[in-house]
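Chain residues, written in single-letter form:
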Amino acid sequence: MDYKNNIESILYFTPEILLIVFAAAVIILDLFVKNRGSQKVAYLSLIGLGFTLVAILITNSTIADGPLSLFWGMIRLDKFAVFFKVLLVLATAATILFSLRSEELDERLKGEYHALLLAVTLGMFLMASSTNLLMIFISLETVSLTSYILAGFLTHSPRSSEAAFKYITYGAVASGTMLFGLSLLFGMTGTGDLAEISQRLPEVLAAGDVTGLGLLISITFILAGIGYKIASVPFHMWSPDVYEGAPIPITAFLSVASKAAGFALFLRFFYSGFQDEGILQTVDWGFLLAVVSALTMTIGNLAALPQQNVKRLLAYSSISHGGYLLMGGVLLTPEGLGAILFYLVVYLFMNLGAFYVVVLIANESGSEMIESYRGLSSRAPLVAVAMFIFLFSLTGIPPFAGFFGKWLLFTAVISKGLYWLAFIGLLNSVVSLYYYARIIKAMYFESPDEDESFSFSNSTFALLSVFVIPTIFIGILNILYNFSDKITL
Amino acid sequence: MLLSLMIFVPLLGMVVVLLLPRESEELIKRVTLLFTFIPLILAVYLFIAYDRSSISSQYMVNISWIEKFNINYHVGIDGLSVTLILLTALLGPICVIASWRNIEKGIKAYMALFLMLETGMLGFFAALDLFLFYVFFELTLLPMYFLIGVWGGPRREYAAIKFFLYTLFGSVLMLVAMIAVYLTSGDPGSRTFDIPTLITLASTEGHALNDLNFQIWVFLGFFIGFAVKVPIFPFHTWLPDAHVEAPTAISVILAGVLLKMGTYGLVRINMAMFPLGLDRFTNGSDFWGYSLALLGFINIVYGSFCALAQTDFKKLVAYSSIGHMGFVILGLAARNDTGVSGAILQMFNHGVISAMLFLLVGVLYDRAHHREINGFGGLGNKMPIYTGITTLAFMASLGLPGLSGFVGEALALLGAYAKYKTLTILSTIGIVIGAAYFLWTLQRVFLGALNPDYEDIPEINGREILTLVPLGILTIVLGVFPHIVIDMFSVSVTELTKVMGTFEANL
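Same order as they appear, the protein sequences are chains A and B. Note that the numbering used here numbers the first sequence so that position 346 is 378, with each residue one more than the last. Note that the numbering used here numbers the second sequence so that position 266 is 564, with each residue one more than the last.
Chain A on its own, in the form it takes in the complex (with noise of 0.2 Å):
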């Protein structure tokens, strides 16, 4: 490992320098725009998402000889870093394109939102490369304050603050639980570093020092800081009220991009740090991961098939992404880590377009409610259609990229032999294909309330077939299963 200085580092944090430059700029831009109906502050954002993007790619090409430990080993740039930072910017970017679409937001608040928007993928960023447990937890922080704020942004509705308030209450008690966890294990090998703990454990393991369930009660709490921000069981209850409540595009946000970050954390934390046979024969968190992939599916699956709200309906499906995600974690296997990672890339293709029609319809109709999607297939053909494609492909319906990447998935968990998590995570597919198929039936097999078409403008479609396109492709097409074996923890 090449361990960089401070000094030598802020060379190589420029993606995030530039983050934080734009935030500012946004800010001040603001201050000169007089015409509240401006974008001006929103196009700046994407200039900025832009720079960043090019240098998270310039930056790719100084780690060709190996990966860098950047800050004294604080934060770490390699593949998996930057892989996530490509698919946050590309998350910031469409939730700014739906931003300027919806008209939920409130016009005079535009800087802010925009500022706030790419603060918290600075910290998406720290997130997705630190490697220190004190990085690790102002990371996390910087995520969950910015975004408390963006859940609450809809200053008029109440059901938004109360998204916020309980936002906070959940995410104070999680980080509070995560801290615990991470001082246990400080105290138990003496070091912040991941690579050191890693190296350290089997040693206190095999003196004594530590026992077994002292490691097992701080991974434990370390998992309910993590298992927040992916929205697992039994820290999910907040993401249903927030994911409502919050504006659609932060919504989408959340659901995707903060999602990504959280598996970030919780690859490079298992991975780098508990891969050891011996901390694996201590402490069996492998059976305690598959337990809560399979509990996170089932019940995000169960509590989904009542709802009403797309939105609604989308927040529980997104807990049982969530739950599929965790099962190619369950074993730390390259096989796993390569099918999370594609089906990240996929999912944020497919959820983001689900939550872009929900967008146009809350736009036109001015409800979030599947009665909305009444004969939308005459009402709106195109957006109908782009939407059965997102929903089969989240049930996992071939030909489309969501089966592809459960395929992935399914293969890494039976190749460890769970055949029961397994099972489980396919049945719920096909309890998945129920409340997704309610929204087609709405959209295909009933007429509309008001026969009045929907009309959209052709940038609309352009964006749209930004995700459909992939949404089809990306399995039939054999260009993506190979990326992830360059990325390794």
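Accuracy of the hints is not assured; some may be wrong.
[Unchecked claim] Computed footprint of chain B on chain A; a stretch qualifies when at least three of its residues, placed anywhere within it, have a C-beta under 8 Å from a C-beta of chain B:
hint	segment
1	423-431
2	437-451
3	462-471
Calculated directly from the structure, the hints in this document are not laboratory data. Note that the Cβ used here is the ideal one computed from N, Cα and C, for glycine as well.
Given the structure of chain A, go ahead and fit chain B onto it with the hints provided.
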């Protein structure tokens, strides 16, 4: 290439149809007809050009698809698949013609989905890669769901989702089994989804795929997946709903082809790849084989009794389908050349006959707008041609010697008799009940005093006759010369029974 062309021509047709303007309905129908006619020509060519004496798959294409997991686009035909491909390709244009007048809304979407469905079915029968096989299998679900759900009858939403959920439930179990097979097929790097390779590996002594317990579990996974599709009791309850609600042409496809996908899968995967799952349970006891035969028997008798109780014409035909598919299961359970040949022949014949029956029900429904068997009477005088064709179809279906239905059922029973005497004898009850419900229906609908409501009921028209005539000719020709079809697959069947270790030179 020819085979791939045939599989993807309908998909190309779908793209063309989607690009046509919504208003030009006639053009859309004609284009669809053209794009279903090309596969028919190709299928007939393949059927004729197929080398009947060779055991290996022909017209093979094997291209790498997802390299990392050794998934290939591998298609090819043997005697069994070419028979069913011909059936599929034949029913394609017939269904388009049958949909010509009675699909009122959204003809463009209907035809596009229909073309997608055809690609799924053709690809399924040609696939020689397990992954590809699964993808094509699932590819038929989407269009079917919409075709039933949008264009179906009053309870279409319920029927559509029920169909989808049942089939998906079955196919996820299949997916688990498929992944298990893949992972067991070798070390990382040499794993494969290739069906011929897997069959060889699974019969190699000492290979992990050859393990008895493994084969039994995997057999069960695939079996449930296919059993839902066939459908085998107790997974059959989606079928009457789907049939009753689906539009005529879709019922035809459902009974004619989709049910065959289940039995085809049983032959192609379960029996050829995992014969141990069915055979040699412990010390030669034939528990699983007997269970399968028992399921076939239940299908025959239960389906027939249910059909007898129906007053809805379409539901009657739907339950009779369950009964007739029972013969296929019974024949397969016998695992000898006669039984398996009978089963495969019955698959083809049932496809033709049930297609006719559903088309005939559709003709009547289009005129009377109901299907209540007791609501008709004396139609024989008003619709002599229709009555004639219906009688032919009924006779073929109830197994009258000289018509195609008889040969398949007789062979299946003959094969089964060698192994499961009691069950086979009991199964013949199904034939008797079959005769009962068809003849009784004939009497109630066509004979007796004319129901005054139908004084002016129009005779079957030229377009409808056009859809029925080719099928009618087939039932007569194959009743007299069944060897036209049997010759196609007799070599493949021999090969199959050799793999299963149940080969008996007796056909």
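Hints violated by the structure (listed by number, smallest first): none
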